[in-house]
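Undergrad: Below are the chains, spelled out letter by letter.
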Amino acid sequence: MNPDVLQGMAQAGQFLTLATTCVGVLLGLIVGMIPGMTISTGIIVLLPVTFVLPPDISIALLLGLYVGGMTGGSFSAVLLNIPGTPSASATAIDGYPMAARGEAGRALGLAITASFTGGLFSFLCLYLIAPLLADVALEFRTPDMFSLLFFGLTIICSFAAQSLVKGLLSGAIGLAIVTIGQDPVMGTARFTFGNVNLMAGVHFLTAMIGLFAIPQLMDNLTAGRGPGKAAVAQMKLKSILPTLDDLKAIRLPVTIGSLTGSFLGVLPGAGGPIAAFLSYDYSRRFSKTPDEFGHGCAAGVAAPEAANNAVTGGALIPMMTLGIPGDPVTAILIGALIIHGLAPGPLLFMERGDFAYGLIFSFLWANIFNFAIALACLRLLVKLLATPRVLLMPSIAVLCVIGSYALRNNFFDVYMMLFFGVLGLAMRWLNMPVVPLLLALVLGAPLEEHLRVALTSSQGNVSVFFTSPISLTFLCLSVVSVAWSLFATRLRPVTHSG
Amino acid sequence: MESPQRARPATASGKRLMWRRNLIAALVLLCVAAAYGYFTTQLPSRTLPNTPDPAFFPWINTAMLVVLAAILLFQGLYDKRTESEATRWGARQIATLLALASFVLYLLALPVLGFLLATIPFVAALMLLFGERRPTWLAAGSVGISVFFFVIFSHAFNVFLPRGLLQGLLG
Numbered sequence: 000m001n002p003d004v005l006q007g008m009a010q011a012g013q014f015l016t017l018a019t020t021c022v023g024v025l026l027g028l029i030v031g032m033i034p035g036m037t038i039s040t041g042i043i044v045l046l047p048v049t050f051v052l053p054p055d056i057s058i059a060l061l062l063g064l065y066v067g068g069m070t071g072g073s074f075s076a077v078l079l080n081i082p083g084t085p086s087a088s089a090t091a092i093d094g095y096p097m098a099a100r101g102e103a104g105r106a107l108g109l110a111i112t113a114s115f116t117g118g119l120f121s122f123l124c125l126y127l128i129a130p131l132l133a134d135v136a137l138e139f140r141t142p143d144m145f146s147l148l149f150f151g152l153t154i155i156c157s158f159a160a161q162s163l164v165k166g167l168l169s170g171a172i173g174l175a176i177v178t179i180g181q182d183p184v185m186g187t188a189r190f191t192f193g194n195v196n197l198m199a200g201v202h203f204l205t206a207m208i209g210l211f212a213i214p215q216l217m218d219n220l221t222a223g224r225g226p227g228k229a230a231v232a233q234m235k236l237k238s239i240l241p242t243l244d245d246l247k248a249i250r251l252p253v254t255i256g257s258l259t260g261s262f263l264g265v266l267p268g269a270g271g272p273i274a275a276f277l278s279y280d281y282s283r284r285f286s287k288t289p290d291e292f293g294h295g296c297a298a299g300v301a302a303p304e305a306a307n308n309a310v311t312g313g314a315l316i317p318m319m320t321l322g323i324p325g326d327p328v329t330a331i332l333i334g335a336l337i338i339h340g341l342a343p344g345p346l347l348f349m350e351r352g353d354f355a356y357g358l359i360f361s362f363l364w365a366n367i368f369n370f371a372i373a374l375a376c377l378r379l380l381v382k383l384l385a386t387p388r389v390l391l392m393p394s395i396a397v398l399c400v401i402g403s404y405a406l407r408n409n410f411f412d413v414y415m416m417l418f419f420g421v422l423g424l425a426m427r428w429l430n431m432p433v434v435p436l437l438l439a440l441v442l443g444a445p446l447e448e449h450l451r452v453a454l455t456s457s458q459g460n461v462s463v464f465f466t467s468p469i470s471l472t473f474l475c476l477s478v479v480s481v482a483w484s485l486f487a488t489r490l491r492p493v494t495h496s497g
Numbered sequence: 000m001e002s003p004q005r006a007r008p009a010t011a012s013g014k015r016l017m018w019r020r021n022l023i024a025a026l027v028l029l030c031v032a033a034a035y036g037y038f039t040t041q042l043p044s045r046t047l048p049n050t051p052d053p054a055f056f057p058w059i060n061t062a063m064l065v066v067l068a069a070i071l072l073f074q075g076l077y078d079k080r081t082e083s084e085a086t087r088w089g090a091r092q093i094a095t096l097l098a099l100a101s102f103v104l105y106l107l108a109l110p111v112l113g114f115l116l117a118t119i120p121f122v123a124a125l126m127l128l129f130g131e132r133r134p135t136w137l138a139a140g141s142v143g144i145s146v147f148f149f150v151i152f153s154h155a156f157n158v159f160l161p162r163g164l165l166q167g168l169l170g
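In order, the protein sequence lines correspond to chains S and A. When we follow numbering that gives the first Met the number 0, the leftmost residue of the first sequence carries the number 0, and every step to the right adds one. When we follow numbering that gives the first Met the number 0, the leftmost residue of the second sequence carries the number 0, and every step to the right adds one.
These are calculated hints, taken from the structure and not from any lab test. Quick caveat, the model's predicted, so the values are computed rather than measured. There could be a bad hint or two in this list.
Said to hold, decoys possible - Interface residues of chain S toward chain A, partial, derived using beta-carbon atoms under 10 Å:
#	residue
1	Gly101
2	Leu346
3	Met349
4	Tyr404
5	Leu446
Claimed, not checked - Residues from chain S shown here face chain A by an in silico Cβ test under 8 Å; the list is partial:
#	residue
6	Arg189
7	Thr191
8	Val397
9	Arg407
10	Val421
11	Leu422
12	Gln458
C-beta atoms are modelled at their ideal positions from N, C-alpha and C, and glycine is treated no differently.
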């Protein structure tokens with residue numbers, strides 16, 4: 000067996016890593032469950048805590064949160080008909096009617112089981128496909144890398160559901176922001192206005208905290224105090240473990256959800272919500288009793304839950320092998336890896352194979368813990384739905400400030416965080432999506448670097464991007480991606496990113 | 000198959016409001032693009048012959064910003080098929096402004112007063128905005144949250160949070 004695989008397995012199996020994964024899963028279940036909190040915000044708020052941790056443990060914590068968050072979203076969807084995350088929207092269609100007729104425990108048990116199966120399937124995809132794809136990606140030259148990153152940027156279109164112009168403008172603003180600081184080829188200071196704090200550019204984390212956490216905080220200002228203790232006390236959970244009949248009934252929907260989720264997770268920009276709705280739709284079409292869908296049927300809960308957890312492993316494939324984020328959460332994970340001095344991409348498997356496989360096995364453990372913790376602590380977790388926002392939201396605000404400050408022990412980063420918070424609010428005011436800006440912040444600097452290096456080596460000849468077969472393939476894929484994104488936005492439910 | 004989060008249909012007045020906002024945004028972005036373009040012209044040209052200089056990528060960005068902002072402006076002026084409804088000013092927006100003002104005051108006070116003294120009133124202000132009116136809970140919550148994070152980050156994560164006026168007391 001590949002020694003990196005063994006090392007990765009050992010790394011992920013260490014007590015501290017396992018314990019951190021457990022904590023991540025628990026936090027993820029809570030974050031996913033609380034309406035008004037998204038997985039992206041959860042990871043961003045937790046990110047500063049990982050500064051003091053080694054990279055493998057940090058990423059295990061964040062992966063745990065990612066996996067747990069996907070399952071946690073279904074809890075409030077089933078119990079309150081309020082999806083905790085956009086990916087859990089489809090779960091509410093059948094989950095809530097089941098809860099309404101007194102089968103909340105059964106619905107949640109099915110959701111947890113389906114999530115586990117979907118997660119395991121996507122782990123297999125990640126384990127088998129990622130190393131092969133990384134080997135292929137090692138052959139890429141500079142023009143190929145530029146076209147690949149350009150392909151990654153076309154994800155922007157899929158987040159511009161309401162207005163393509165606004166989505167592209169958001170991306171253009173992001174690309175302009177990444178030019179602040181030293182340029183990646185010559186080291187010339189650009190747009191720094193003599194401020195030494197800007198020489199290293201705008202830090203990714205301050206921008207993320209401002210763009211995601213601050214607007215979300217403001218959104219919660221008028222969202223009320225949550226369901227309250229009385230509503231939570233009424234949620235009686237009887238039998239949680241699914242029966243054999245239930246397991247038989249969800250075989251096909253779980254298979255459909257796992258396949259759809261893993262496949263769509265790999266595609267940039269498709270994400271959890273669309274995978275959940277598509278798998279729900281396919282399961283209904285293949286079902287012998289399609290009329291039961293929408294009235295509280297087990298298959299209607301299992302299919303979207305398997306799909307949204309399968310998306311997680313699928314989205315990690317392009318993130319790890321190509322450095323291309325599949326969804327906003329993987330974009331943030333790329334930022335987290337960069338903060339820890341690791342560059343996701345084909346070289347990750349070559350230079351830090353042990354870490355890459357450690358990440359894959361941590362993902363497996365996250366799914367196992369997610370299943371165990373969600374089943375074991377379900378009754379306790381449901382009580383947390385009554386957590387008062389008056390305590391939660393100010394705590395998040397303080398964490399945002401500490402997170403920005405702790406980055407470099409510098410007040411400048413805190414002010415930048417607030418600037419991005421105001422920018423995020425202004426963008427919300429205009430119905431302009433924030434995710435394209437985030438993607439541009441992740442991909443902008445390497446995009447410029449590869450573009451300029453490729454043009455320098457070809458003496459300014461742009462045909463270099465069209466003569467390389469790999470580069471040409473990615474440019475063609477970019478066209479397909481834009482067309483697919485525009486088609487997919489017609490299917491996507493209207494949700495906030497996250 | 001109805002999503003629980005599907006948006007309600009846009010109203011005519013809400014759309015008009017969004018047109019107006021689009022126009023304002025387009026004009027602001029055109030100004031930003033002009034300023035960005037101006038500062039791009041000031042960048043030093045240090046490069047080899049026939050190769051892109053440090054201003055190359057900013058020029059692409061300038062062009063993109065100008066073109067896209069112009070399209071948004073054109074849509075605002077001539078194409079009334081706006082995509083969505085704008086949210087109106089109301090209690091929510093006022094609460095947002097108050098929260099932002101608390102943030103600004105907090106960040107100004109932080110270097111002077113230090114983490115603990117600045118965070119306690121900030122948390123209390125946010126708790127008030129989130130609807131907490133009981134004085135005991137306000138006091139307990141604001142002090143509890145501030146002290147909890149100070150202790151956790153200072154001692155468990157070794158983050159040196161500013162001490163401010165309490166420098167002598169906290170060390």
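Undergrad: Given S:Tyr404 as an interface hint, is its Cβ closer than 10 Å to any Cβ of chain A?
TA: 7 Å, holds
Undergrad: Would you check whether S:Met349 satisfies its interface hint, that is, whether its CB is within less than 10 Å of any CB in chain A?
TA: Result: violated, 28 Å to nearest chain A Cβ.
Undergrad: Answer holds if the nearest beta-carbon of chain A is closer than 10 Å to that of S:Leu446; otherwise answer violated.
TA: 8 Å, holds
Undergrad: Would you check whether S:Leu422 satisfies its interface hint, that is, whether its CB is within less than 8 Å of any CB in chain A?
TA: 11 Å, violated
Undergrad: Does S:Gly101 pass the interface check with chain A, least Cβ-Cβ distance below 10 Å?
TA: Since the shortest Cβ distance to chain A is 20 Å, the answer is violated.
Undergrad: Please check whether S:Arg407 passes as an interface residue: C-beta within 8 Å of a C-beta belonging to chain A.
TA: 11 Å, violated
Undergrad: Going by Cβ atoms only, is S:Thr191 closer than 8 Å to chain A?
TA: Violated. Min distance 10 Å.
Undergrad: Does the interface hint hold: is S:Arg189 within less than 8 Å of chain A, judged Cβ to Cβ?
TA: 6 Å, holds
Undergrad: So, S:Val421 near chain A? Judge it on the closest CB pair being under 8 Å.
TA: Holds - the Cβ of S:Val421 comes within 8 Å of chain A, reaching about 7 Å at its closest.
Undergrad: Interface hint check: S:Val397, Cβ to nearest Cβ on chain A, cutoff 8 Å. Holds or violated?
TA: 5 Å, holds
Undergrad: Does the CB of S:Gln458 sit less than 8 Å away from some CB of chain A?
TA: 5 Å, holds
Undergrad: Does the interface hint hold: is S:Leu346 within less than 10 Å of chain A, judged Cβ to Cβ?
TA: With a minimum Cβ separation of about 23 Å from chain A (threshold 10 Å), the hint on S:Leu346 is violated.
Hints 1, 2, 3, 7, 9 and 11 from the earlier list are contradicted by this structure; the remaining hints agree with it.
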